[in-house]
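Trainee: Take the sequences, apply the hints, and build the full model.
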Amino acid sequence: MVKIHWNSLFVSPQHTNDMLTCVKLRLQHALRSACLLCLSSVLSVSVWAQTPPVPTTGESTFRVFVRAVPSGFATSTLVYEDNRWILRATTQITAPLELETQLFEMTYDSDWKPQHLRISGTRNREIFNVESNFGGDIVTNEVQIGSEVSNSEERIDATSIVLPNFFFSAYEALAVRLTMLQPGDQMPIYVAPRGYITARLDSVNTLQLDTAGGSLLAKVHHITFDNPNDPISAEVWVDEGSRLMRVTLPSASIDVARQDIISVSTRLTSSPHPGDENVRVGSAGFSLAATLTKPVDVQSPTDGRWPTILLVPDSASGDRDVTVSGIPIFRQLSNALVENGFMVMRFDKRGVGQSGGRPESATLNDYAEDVRELVRYLERRRDVDRNRIIVVGYSDGGWISLLAARRESKIKALALIATAGISGNELVLEQQATLLANNGDSDIERQEKIELQQRINRAVLNEGTWEGISETVRAQANTPWFRSLLAFDPEAVIERVRQPLLIMQGALDQQTLPYHAERLQNIASRRTRANATVEISTLPEVDHRLTTSINGNSNEYVSLSNQRITSTVTTELIDWINRTLPK
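Using the numbering used here, the first residue of the sequence shown is number -4, and each one after it goes up by one.
To be clear, the hints were calculated from the coordinates, so they are not data collected in a lab.
Errors might be hidden in some of the hints.
[As the list claims (entries may be wrong)] Straight-line Cα separation of at most 25 Å, DSS-like style, residue types lysine-lysine; simulated pairs:
(1) 578 with 289
(2) 214 with 108
(3) 289 with 405
(4) 578 with 405
Mentor: This is the structure we're talking about:
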């Protein structure tokens, strides 16, 4: 559901004479959709902090995710031949467009200056070819789409890194360049076959990942593709061999990760809390991996039993810390709660990190059963206060928490953070409409895409047919998880939830709009059981990541200096728990 402006890249002959005009008119919308084009003056902004590193050669395989849904593959092979770096790659993406390459070859000289680019493939079943030749600060391009051919020539920075849109293996060259820069440095980017921008390195941090083959270190580079009106933030992970590990574009909901870091046995590690205890809990024939953190240097309860909070992640999370744009939301929330005398559990979802299970066959109900197993485990522990077990669900993890609380009396209170108050079917259409509006689509384009999504949703729910919908789209959409998401209606579930309920909502959340909290409150207030209370807490200037924000736009995620969740989340949650479940 990400708008892709291919016409801004591949132009037909009749458009060649108006090339620059077309780019200027489409610039703002293209940037909003991760099409990184810019018409800034061509200035030399490259910074060479050191001699280019010698990256590890060889092949890598990547998975492409759009809105956390697997949407394709990419491979990259890097070799050094005849004093040249040659990057060969393949790409196959099924959504939001059909893209497949038969040839991708990008050549750089020994100093990583571009020489030659060739791409051949199909997009939406139409053949295209791109060839770009670089000579100093001049690049010449020939683009063929079907039977139409266009040519162009323009000035660029001679040290540009070449990043054709949606050919993510090309970021291998960016990974090398980033290792040479310091925060604040800029670098030139050429978006072949036309479009020049600059990128700024904002910050760098290091993560450790535990895999079946051992530990990996990742340098996480937070960068901004500069445009005066609409900068694009991104994360680029680079390994110790200067090879690409991951690319994340939050504003486009695109995540590209190397195969070895998304396997079931991989998880992020960070500086442990002294009260951390790693545990495994059985569920449906496999085990869930979790971290249970106990307060340290806090006076222990007289009976030795701590009030305990279980944090339930959203569907997009790739680790138990729910790391978004470098912010480990759940780890920060957990540490803050632990400092205030709560024991906290966070866990890897089934099939994620170090947890077993198969996520492709799981439904929301299956995830809810996992939550119930974790709650039962906590209830059996001698250091847990059985009368003060609280479940906190984040985003659509709130829906999972509702399903679990409806069936599990051992859950004594429930908090929903940034959780939607409409059906999954309505939510998917709402989020798509928001994305299309932000991307600047015409009214006709928006209507066509919304109608297609409606047809897909009806087919998934067995309320319509798959006629006219491609097999690749059907394969991506027709899954147990997506079917359960579309069918979920919080109104039908909340009415059967007996526990006290807290609804927390960031006022600047652009992914779960603030009106959802009011809708959830209205539904929950109709419950008649004595303990079925409901409260709402609106957090001013807080976005979907639970950090303070200017306008809540995901483009701010990397650029904002505040990289911690707001303390208001913790204080509001603790105050509600202490009033609702007094000691």
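Trainee: So, for every hint listed, does it hold in this structure?
Mentor: These are the hints, each one checked on the structure:
1. 578 with 289: Given that 25 Å is the threshold and the Cα spacing comes to 18 Å, the pair holds.
2. 214 with 108: 23 Å, holds
3. 289 with 405: With Cα atoms ~20 Å apart, residue 289 and residue 405 stay inside 25 Å; holds.
4. 578 with 405: 17 Å, holds
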